[in-house]
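Asker: Sequence:
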Amino acid sequence: MAKRGRKSGPTLLCDEWIENRANYLHKAGIPLKTAIQYAVDDLRKYITLEKDSRERYSTDEQYQEHMLEVQAMESALMEDSANAVRANKRKTNRRARAGQF
1 MAKRGRKSGP
11 TLLCDEWIEN
21 RANYLHKAGI
31 PLKTAIQYAV
41 DDLRKYITLE
51 KDSRERYSTD
61 EQYQEHMLEV
71 QAMESALMED
81 SANAVRANKR
91 KTNRRARAGQ
101 F
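At position 69 of the sequence shown the residue is numbered 69 (this note's numbering), and the sequence of numbers has no breaks.
Simulated from the structure, these hints should not be mistaken for lab results. Just so you know, these numbers come straight off a predicted model, no measurement behind them. Backbone N, C-alpha and C fix where the C-beta goes; we use that ideal spot for every residue, glycine too. Be careful, since some hints might not be right.
Between beta-carbon pairs, the in silico distance windows are [said to hold, decoys possible]:
1. Lys91 with Asn20: 19 to 27 Å
2. Asn83 with Glu55: 24 to 32 Å
3. Tyr24 with Asp60: 26 to 34 Å
4. Lys89 with His66: 32 to 40 Å
5. Asp15 with Thr48: 17 to 25 Å
6. Tyr57 with Tyr24: 28 to 36 Å
7. Arg97 with His66: 41 to 49 Å
8. Thr92 with Gln62: 41 to 49 Å
No more than 27 Å apart at the CA atoms, straight line, and that leaves these computed lysine-lysine pairs for DSS-like [claimed, not checked]:
9. Lys33 with Lys45
10. Lys91 with Lys33
11. Lys33 with Lys89
12. Lys91 with Lys27
13. Lys89 with Lys27
14. Lys89 with Lys45
15. Lys45 with Lys27
Please put together the full structure from these sequences, using the hints given.
Answerer: Have a look at this one:
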């Protein structure tokens, strides 16, 4: 990606996360623009989960229990992304077999 101005903290982490996630999805066969959009959507879901959990739980024990649930939801998000990749590959393969390329 193009070099940007100097960033630090959460902004840099979010940019790196989106870039890594989008590259992963793009390598799996999703067009880059769509992969970036998926990565941004996944990050928004994750941030919302994290913010909700910090506000809702007062003790460390409750927070740790909730984080186990969040990890399960993260796994589900990864599975959703993987399913999207597989669906995109199936669609591409169908088009190729139909001679649409």
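Asker: Each hint needs a verdict: does it hold in this structure or not?
Answerer: So, going through the hints one by one against the coordinates:
1. Lys91 with Asn20: 19 to 27 Å: Since lysine 91 and asparagine 20 have Cβ atoms about 25 Å apart, the given range 19 to 27 Å holds.
2. Asn83 with Glu55: 24 to 32 Å: 31 Å, holds
3. Tyr24 with Asp60: 26 to 34 Å: 32 Å, holds
4. Lys89 with His66: 32 to 40 Å: Holds - the Cβ-Cβ distance for lysine 89 and histidine 66, about 35 Å, lies within 32 to 40 Å.
5. Asp15 with Thr48: 17 to 25 Å: Given a distance of about 18 Å, which is inside 17 to 25 Å, the answer is holds.
6. Tyr57 with Tyr24: 28 to 36 Å: The hinted range 28 to 36 Å holds for tyrosine 57 and tyrosine 24, with Cβ atoms some 31 Å apart.
7. Arg97 with His66: 41 to 49 Å: 46 Å, holds
8. Thr92 with Gln62: 41 to 49 Å: 45 Å, holds
9. Lys33 with Lys45: 19 Å, holds
10. Lys91 with Lys33: 17 Å, holds
11. Lys33 with Lys89: 16 Å, holds
12. Lys91 with Lys27: Holds - the C-alpha atoms of lysine 27 and lysine 91 are around 16 Å apart, at most 27 Å.
13. Lys89 with Lys27: Judged against 27 Å, a Cα distance of about 11 Å means the pair holds.
14. Lys89 with Lys45: Distance of about 24 Å is within 27 Å: holds.
15. Lys45 with Lys27: 22 Å, holds
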